[in-house]
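Produce the complete structure using the sequences and hints provided.
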Amino acid sequence: MTTLLPNVRTFAANVIPKEEFAVPGHRACTGCAEILAVRLALKGFGRDTIISMATGCMEIVSSPLPTTDWTLPWIHVAFENCAAVASGVESALKILRKKGKIPDKDVHVVAIAGDGGTMDIGLQSLSGALERYHKFTYICLDNEAYMNTGIQRSSGTPFGAMTTTSPPGKNSIGQSTWKKDMPKIAVAHNIPYVATACPSYPFDFLEKIRKAKMVDGPSYIHVLSVCPTGWRTPTDLSIRYGRLAVQTGVFPLYEVEDGKYRLTYNAEPLRPITEYLKGQGRFRHLTPDSIATIQKRITTDWEALKALSDSSAKAI
Amino acid sequence: MVQLSINGKKVTAEEGEALLKVARREGFVIPTLCYHELLGSSGRCRLCVVEVNDAGKKRVVASCLYPAKENIEVFTDSDEVRLVRRTVLELLLARNPSAELIQHLAKQHGVTEVRYTPDQDKGKCILCNLCVRCCKDIVGVSALGMSGKGPMKKVGPPFDEPSETCIGCGACVVICPTGHIAMEEEKGVRTVWQKKFELAACPKCKRYHLPLFQLEWISKTRNIPVEELMVCEDCR
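These protein sequence lines are chains A and B, in that order. Quick note on the numbering used here: the first sequence kicks off at 1 and runs consecutively. Quick note on the numbering used here: the second sequence kicks off at 1 and runs consecutively.
Hints in this document: simulated from the structure, not taken from any laboratory. Where a beta carbon is used, it is the ideal one built from N, C-alpha and C, also for glycine. Just so you know, not all the hints are guaranteed correct.
[As the list claims (entries may be wrong)] In silico EDC-like links for lysine to aspartate or glutamate, alpha-carbon gap of 20 Å or less:
1) Lys105(A) x Glu80(B)
2) Lys98(A) x Asp79(B)
3) Lys278(A) x Asp234(B)
4) Lys107(B) x Asp48(A)
5) Lys18(A) x Asp137(B)
6) Lys69(B) x Asp54(B)
7) Lys105(A) x Asp77(B)
[As the list claims (entries may be wrong)] Residues of chain A placed beyond 10 Å of chain B at every Cβ, according to the derived structure:
8) Arg39
9) Val85
10) Ser166
11) Asp289
12) Ile291
13) Leu305
Right, dumping it as structure tokens:
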């Protein structure tokens, strides 16, 4: 059995790489956890990396002309073809290396997109790239709405959340549908590695990046990134809300290696969902009834995931 | 400052700086397992070999230990280097057939066959010494060490007994390049290096977070009351 890493932090923080690839000077909002996720991910991937990035918060804040936040080769592409460009880059590298036109070194290709760029607009190109089995890593930075255009709902928005296009009122509860289970969609492509991660658990995140880099084929990492602007949370509590999301079971941390599920953080006993919902402006209007509905759904999902993880553990 | 060339490219470096550091700064890829930017070089894994031409005298050296000198020529990917690197990987693969990272590197460098009988008892440990140095220099408890000689050499707490000084922080688990060190948590007990740690339960949310022994140690060395540390960081 491999190790559970979420609870090592006191001294292990000293040994993670010091070199920065997403350097200071970007325009991310105060308290943005998404830029933390990018920073950690790039530390994990290291210097020999090419990034293809869809339009989204991270693209907007990191590249206001004429400045840039990236010290790595970085391509900005449209919402819908982030994975397609990454797969093209990977194929080009392969053939150029074969022809001897570039040095024979291992360059990893990473595609980064937000939840809208992954779950709504870029889904078909992602599906194609995963199916063609390109050796690249896709990172979805999920902040649960189209934040940079002004908080419009996406299919990653959770049930009951307020966004500007799903306003709560007399006849509406806010977002009326449940969040799309994107990691499961990635698992359904039978790819070697799928994981969920959160920058609030940095060692767990880095370990998953390390694994994703090593697999021979596509890998998908779904990262929950707290957005104080869109979630209406205090800017100093981003890390805490990430931890609460994991500990209440809203966003369980797990990985799927060749179809085998494994929980990397056992959140039991689950914290009550109210701890996560309270303090977030986007859930302020929820009634005890709807909170109970959400709690029921979260518990069912958690039990199902645990059952999957247990049955995979037995199969090994 | 000295001038040298790496794969034909002219670079400048501090005199005495490790070649590995210089080459990596200039973007050349040299694989290594036992080098860490904080802990420095130890020259144990021998994977970072490069060929050095020092005024006509050619030899293959470990780049993490070889100092930068004026006018030397360094080749990171010559035939000689590849041969040595492949042999090193073959030996490592024979020692640790189950280590995923070594399998990955071996595949990358075209090692398909192993001429030696694989060891079964070494786990994934390559004796890189990183955990020992990390425990001593970063954590400051020196709970780990090397014991035995030759093929019997291994890493672990003294006499293979649960260490008295280990605080169960897990830094060795994170720094281990191959994932040899296992740490498990079950029902409020953390097990690492055969030592069982009782985990502290937060008085507010009743969840386990860090080992009690570690909290007491932090409290003693940093002068923070234990009661303050007992509360987990989510309830603080």
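Check each numbered hint against the structure and report the violated ones by number, ascending. none
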